[in-house]
Amino acid sequence: MATDSSSSVSDHVVSRGTVEDPIFEITDTSVTYDGETRVLEDVNVSIDRHEILGIVGESGSGKSMFASALLDAIPDPGVLTGDIRYHPPDGPPVDLLGLTDEELRQFRWEEVSMVFQGAMSSFNPTMKIGAHFEETLKAHDKRVSEGLEFARELLENLYLEPERVLDSYPHELSGGMQQRALIALSMVLDPEVLVMDEPTAALDLLMQRSILTLLDRLQRKYDLTIVFITHDLPLVASLADRMAIIYAFQFAEIGPRDEIIGNAAHPYTRALLNATPNVDAPLDEMQPIEGEGPAPVSVPSGCRFEPRCPLATEECRTTDPPLAAVDRDRTTHRSACHHPATAREEIQLNFDEANDELESASPVEPSEPAVETRAEQTSETPLLSLDDVAVHFTEEQGLTERFTKDPTVVRAVDGVSLDIHEQDLVCLLGESGCGKTTLGKTLIGLQRPTDGSIEYRGQDIWEAKDGDGEIPYDEIRSALQIIHQDPGSALNPNRRIADILSESLRHTHPNIGRNERRRRMHSLLERIGMAPAEEFLDRYPHQLSGGEKQRVALARALLMNPDAILADEAISAVDVSLRIEIMDLMLELQSEFETSFLFVSHDLSNARYFAEHGDGRIAVMYLGEIVEIGSAERLIHDPRHPYTEVLRWATPDLELDSMGAGDPPLREVDVPDPIDPPSGCRFHTRCPVAREACREQHPDLRRIDDGDGRVACFREDPNHEYWDSEPVDGAVEQPEEFTGN
Amino acid sequence: MSTEPDSAAEGIDWRSESSNVEMSRRDQLSELYEQKIRVPAVVAWSDDRTRLGILILSVYLFMALVDVLGLWRDPSPNQADRFLRPFENMQYPLGTTNSGVDLLALIIDSTPFILLMVLAGGVWATTLAVAVGTLSGYKGGTVDTVITTISDFFMAIPGLPLVIVLAIALSPENPILLGVVLTINYWAGLGRSIRSQVLSIREASYVEASRTMGTSTPRIIIKDVLPNIMPYVMVNFVLAARYTIFAAVGLYFIGVLPYSGQNWGVTLSNAYYQGGLFSMQALHWLLVPIIAIVGLAFGLILLSQGMDRIFNPRVRTRLTGESESVTEDTDASTTEMI
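Chains A and B, in that order, are what the protein sequence lines are.
The numbering of the first sequence is our numbering, which starts it at 1 and goes up by one.
The numbering of the second sequence is our numbering, which starts it at 1 and goes up by one.
It is possible that part of the hints are untrue.
Anything over 10 Å on all C-beta distances counts as not near chain B; from chain A, calculated [unchecked claim]: (1) Asp72; (2) Pro77; (3) Glu102; (4) Pro300; (5) Asp327; (6) Asp474; (7) Ala490; (8) Arg514; (9) Arg715; (10) His720.
Here are the simulated lysine-lysine pairs, DSBU-like style, with alpha carbons at most 30 Å apart [to be verified]: (11) Lys139/B with Lys465/A; (12) Lys128/A with Lys221/A; (13) Lys128/A with Lys138/A; (14) Lys223/B with Lys139/B; (15) Lys465/A with Lys223/B; (16) Lys142/A with Lys221/A.
Source of the hints: derived by calculation from the structure; they are not laboratory data.
By construction, the Cβ of each residue, glycine as well, lies at the ideal position given by its N, Cα and C atoms.
Next up, chain A with everything else stripped away, as it sits in the complex (with noise of 0.2 Å):
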């Protein structure tokens, strides 16, 4: 390239000539509010032809307002800076800054297009999809049969029915399924560039690795270069040639994939590395980072990373260290960091040391019949109890369809049963549509079940609450408590918190005064990690951080002392830092108030670190069914079920080798209607080893024989007619084989 001629000397030019053949080229990029609030400074960043560009940054760090600047769409009224040259394929480099408005409309998807995060919001519900598609061809004056042709084309790529989807309304699709639209309308007019900006936050694990996987397809059939930006490390990492940190506004790292995972040298990086939860790390290593990223009106004058940085020094007080190389002779990886040696060598990153724990630890315990005894053979009456429970939901009917039609019926829970005993934990883990909150919440009494029955120490809740049942209807209803997912709206916004937590005390204790009740509140607060409590007592919801307002949700469910409480995706909102701590201290409570969690999630390694440090289980719903459960290291090193095994797979980890490592072990991306279940197992449409036998019978529950828990799917009986049958379509002899289709 013509600019490697200016190369050395100032920091962002070497780091120019370290690209080859850039595609983008960011100089001194700036983008100021208001004058003075930079909410992105300085950037200098190339980006390579034909390469994926992961960015990861905290909310709040200025990675959406990268995305912004490619394609110079900063909203009003910020202003941007700086010089960004785009170099086409063939002809000369294109200053964006500089281009009219016209020249704008027709460069952002013609050759830069973006992808956003949610998909609902980015299709007009009354059009079809189809529509979509043509008018984005029609606006860019292009043949439209082509262009249909060529959409087609991707769709089909992408897994999906492309004639099924052009004709369907945004609303008739599943979020994986809009989201995947919605990347091949993005690259419909053939572009350059991609870029994603958390293009996939909104849907479950596995959704979001099968989507990666096909984007990685993508980008070699089409030659696309893609800058991919999200919050979440993992992910990215499996995906991307080259990582880069953004904190606190700046690029903080940058670098190879394996350079930036194996080796960081900012510790923020390491730090972050650290903190992300992790099927394979040890478990008591995992670290919050203390403190949170700057706002943009009070960023620090030295080093960003400063304040919150354990390794600090004078310099990094005064200095903002530059964008620099790390090492002399490594010029593609770059860092701002006065101390990168330092950083590698305090701040160790835990799940080096994770493999050979695991080596030493073989896949299946002596330790796992502790496990056993608590859950299977307790003879006691079981705190809650469900018999063959099912839920489904008759959708409504208009008066004239009553008589010419069958009500739709969804069927989110089937067949379960499934006991919870005394201060026992239970993780429901599945894809999202798989029931887990609606068994969650019949589980806690707030869902009336179609057939079967609930029962609560030996008591039908139902019947209780309609009157006729020894244990009172109240103290059931005490017992059994909900922690929602959501931190912004499980708090009433116009009552303050005092007001919120003296509604439980109300029920526990109705007949004490403000005094003591304030006092009791003030003792809980404080146990939870709120201090002072005196203050936060008296604040509104919104005066609240989200990892606050969840603490002050438990508070709320604690104090009513109950038996049984339901997190239901209760972390999944808050702060990858705080979740570690917010588990750790629903661990310690439910010790210490003797009560039973059920943990609902779709997040394996989370899953996986409360059920192992509560010593519990995880049961893995699939379709409104238990597919499997037993103990977490069970499920996690042997896992039984092929649809453990998926899940297994979704869920990134951090090991450099097994990264990238192909295709989801399934043959179908999308979950099947639970409005028309498959027949037979219900997992043998997506299943890599079904066969015949799979499509007749329905698979029970049943124990496994040399581990603990329970699976459901024939192969676990060895003189079963599955092994005697052929596989279906795609299917294969061993799950090892299956590379995908």
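Given the coordinates of chain A, work out where chain B should sit on it, guided by the hints.
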């Protein structure tokens, strides 16, 4: 628990058995004053438009007080010269009518009547709408279907003819009854929109949490649902009140409503039929009641602007000098976090 909280020194931990230390009555009252009176007052007063609205309404309240205490003369014919212009004779500052009635006395005399009627209309329409809307929204099911059908029926009846028929049948001279008659079917539409607001709040996690705790339905409605629809309800209360004045004045003007004495609407009607529109001499006769009506409506509307703020906890904490809303900018971060 390694860290003993300070207050635990007094022997009460969050799990202790209950003791019976009653909160003193004085404390309760002072907290009530702080929460229900001082804070809303501060918030309301902080907004210029609300402040102006309050001032305008105070003028009307003052006029009502003047009439009740008998501080101004009653209107009667020939108490002054005919067609005095405003400020011509400072004894009759707003001038007189064609029969020599003091216009200011006319306006003041009917103020209590109008205010009572407006209040009755607003209270009746909004209370009924809130009751109906929250009940059908929160309960759902059959209750919802029945209530919705009834309110559909009421919405289908043309309002004006209904009111005219009722006015003739009942001849309401009592201001409260009149207010109720005028807004007889106003609740239906309002109830419908309140219902839709309640529907979305009902699904909120905190309502489910309250249900899970076993809180009774009325308490959930009062504590969790109502405060969140209050801004909407208050704005609609003011709109209903405004509707009541306009309806009353309109019906008095076309002579449907029975009247014994004179009031703003009647004055307006008299002025019009005595040619107030065509002669400069009688112009003020027409203008004075119009200004009285418009002023009251304007004051109400300004007040309604501030109602939204009173129920907004963010504004409340900012204005009463409590700890700043530190999390304003981190709000977004609860949804997507690293």
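Here is how each hint holds up against the structure:
1. Asp72: Since the minimum Cβ distance to chain B is about 23 Å, Asp72/A lies beyond 10 Å and the statement holds.
2. Pro77: holds, 17 Å
3. Glu102: It holds; Glu102/A is separated from chain B by about 33 Å at its closest Cβ, greater than 10 Å.
4. Pro300: Its Cβ never comes within 10 Å of chain B, the nearest being 17 Å, so this holds.
5. Asp327: The claim stands: Asp327/A keeps its Cβ more than 10 Å from every Cβ of chain B (closest is about 27 Å).
6. Asp474: Not fine: 6 Å to the nearest Cβ puts Asp474/A too close to chain B.
7. Ala490: Ala490/A is in fact no farther than 10 Å from some Cβ atom of chain B, at 4 Å.
8. Arg514: Violated, because the least Cβ-Cβ distance between Arg514/A and chain B comes to about 4 Å, which does not exceed 10 Å.
9. Arg715: holds, 39 Å
10. His720: holds, 43 Å
11. Lys139/B with Lys465/A: OK: Lys139/B and Lys465/A at ~17 Å, within 30 Å.
12. Lys128/A with Lys221/A: Holds. Lys128/A to Lys221/A sits at ~27 Å (cutoff 30 Å).
13. Lys128/A with Lys138/A: Status holds; Cα separation ~16 Å.
14. Lys223/B with Lys139/B: holds, 16 Å
15. Lys465/A with Lys223/B: holds, 24 Å
16. Lys142/A with Lys221/A: holds, 22 Å
The structure does not agree with the numbered hints 6, 7, 8 stated previously, though it agrees with the rest.
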